[in-house]
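Line order of the protein sequences matches chains F and S. Residue numbering for the first sequence follows the numbering used here, starting at 2 and increasing by one per position. Residue numbering for the second sequence follows the numbering used here, starting at 13 and increasing by one per position.
Rather than coming from a laboratory, the hints here were simulated on the basis of the structure. Small disclaimer: the values here were computed from a predicted structure and weren't measured. Wrong hints could be hidden among the right ones.
So these bits of chain F aren't anywhere near chain S, every CB distance computed over 10 Å [unchecked claim]:
| hint | residue |
| --- | --- |
| 1 | Met2 |
| 2 | Arg5 |
| 3 | Leu14 |
| 4 | Arg18 |
| 5 | Ser21 |
| 6 | Leu25 |
| 7 | Leu27 |
| 8 | Ala44 |
| 9 | Ala45 |
| 10 | Val46 |
| 11 | Leu49 |
| 12 | Gly50 |
| 13 | Ile53 |
If you only want the chain F side, here are some residues facing chain S, beta carbon under 7 Å, derived [said to hold, decoys possible]:
| hint | residue |
| --- | --- |
| 14 | Leu7 |
| 15 | Phe10 |
| 16 | Glu11 |
| 17 | Arg12 |
| 18 | Phe17 |
| 19 | Pro19 |
| 20 | Pro22 |
So the derived label-pair ranges between C-beta atoms look like this [stated by the list, open to error]:
| hint | chain 1 | residue 1 | chain 2 | residue 2 | range |
| --- | --- | --- | --- | --- | --- |
| 21 | F | Pro26 | S | Asp109 | 23 to 31 Å |
| 22 | S | Ser150 | F | Ala47 | 54 to 62 Å |
| 23 | S | Ala48 | F | Asp4 | 34 to 42 Å |
By construction, the Cβ of each residue, glycine as well, lies at the ideal position given by its N, Cα and C atoms.
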Amino acid sequence: MDDRELAEFERDLRAFRPRSPRPLPLRRGKVVLTRLLTMLSAAAVALLGMQIVKRLERPNRPSTDRPPSVLYTLPDAHGAPDVSLATLRRAAVDDNSLTEFLDAAAPRLLRAVGGEEMRIR
Amino acid sequence: MGENTGTMDQLLIRRWYNEHGPALLMFARTVAGDAAAGEDAVHQVFLRLLEGRVSKPDDPRPYLFRAVRNAVLDATRRERNRTDLECEPWFEPAGPDEDRERLEAALEELPGEQREVVVMKTWGELTFEEIASLLSISANTAASRWRYGVEKLRALMARSEAE
Numbered sequence: 002m003d004d005r006e007l008a009e010f011e012r013d014l015r016a017f018r019p020r021s022p023r024p025l026p027l028r029r030g031k032v033v034l035t036r037l038l039t040m041l042s043a044a045a046v047a048l049l050g051m052q053i054v055k056r057l058e059r060p061n062r063p064s065t066d067r068p069p070s071v072l073y074t075l076p077d078a079h080g081a082p083d084v085s086l087a088t089l090r091r092a093a094v095d096d097n098s099l100t101e102f103l104d105a106a107a108p109r110l111l112r113a114v115g116g117e118e119m120r121i122r
Numbered sequence: 013m014g015e016n017t018g019t020m021d022q023l024l025i026r027r028w029y030n031e032h033g034p035a036l037l038m039f040a041r042t043v044a045g046d047a048a049a050g051e052d053a054v055h056q057v058f059l060r061l062l063e064g065r066v067s068k069p070d071d072p073r074p075y076l077f078r079a080v081r082n083a084v085l086d087a088t089r090r091e092r093n094r095t096d097l098e099c100e101p102w103f104e105p106a107g108p109d110e111d112r113e114r115l116e117a118a119l120e121e122l123p124g125e126q127r128e129v130v131v132m133k134t135w136g137e138l139t140f141e142e143i144a145s146l147l148s149i150s151a152n153t154a155a156s157r158w159r160y161g162v163e164k165l166r167a168l169m170a171r172s173e174a175e
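Work out the full structure, taking the sequences as your base and the hints as a guide.
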């Protein structure tokens with residue numbers, strides 16, 4: 002068989018398409034849950050850190066009497082915020098509203114999974 | 013790696029799966045001698061990539077063939093007593109069934125070392141240099157194996173047609 006015949010025969014062989022493998026057996030639920038927990042953990046750690054810093058900065062003043070020094074925001078790319086500005090301010094100044102803030106922010110964090118990282122500034 | 017980068021990587025890996033999956037499955041089956049074991053190896057390689065357990069290669073085709081071959085050989089060492097259930101077709105059901113069955117029978121008759129080179133070159137579209145690197149042989153040896161393999165394949169198919 003010369004080179005031309007070889008090349009022609011190979012072309013004929015390529016006309017037979019190999020069977021595709023079955024879809025990958027992905028455990029999507031587990032992956033999404035792991036990501037969500039990671040995001041929530043990171044958010045909680047960051048918020049607690051900011052609370053500690055705030056407390057160290059102003060140790061002797063009642064927290065409700067002072068204006069917020071820190072504002073927490075979530076990514077703009079996910080549309081209008083679900084968390085009201087008032088909630089954000091309370092979370093910024095009041096240790097007790099941290100749980101409330103996390104509860105209110107949960108739907109946005111869920112959407113942020115697989116998208117942008119949550120920004121805190 | 014950022015979240016967006018991760019998503020882009022996943023899309024790219026899924027594209028590789030669609031693009032190279034059929035040839036990789038054929039190759040894995042050639043090395044494993046068993047369609048189910050071959051498919052398991054292909055899945056294993058892509059799941060590792062998707063889960064970020066290995067870094068994304070710059071040149072996917074040679075990497076994927078090498079990774080699939082290693083996965084098959086590892087699995088073969090672990091499961092020596094696995095039963096070969098050769099009931100899956102090699103090719104998609106297009107064209108006359110007799111031609112496809114003749115080719116499948118001829119492929120199974122080829123010596124293993126020729127069959128894996130033929131599959132890598134013809135359906136995997138690897139170069140002889142890439143095949144040589146993967147099998148730790150020279151490019152000339154890879155080319156010879158391919159030539160002998162293809163000639164034998166044609167002879168076997170012609171003989172089968174004449175019978």
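Taking each numbered hint in turn, which are not upheld by the structure, reported in ascending numerical order?
Numbers 1, 3, 4, 5, 6, 7, 17 - these are the hints that the structure violates, sorted from lowest upward.
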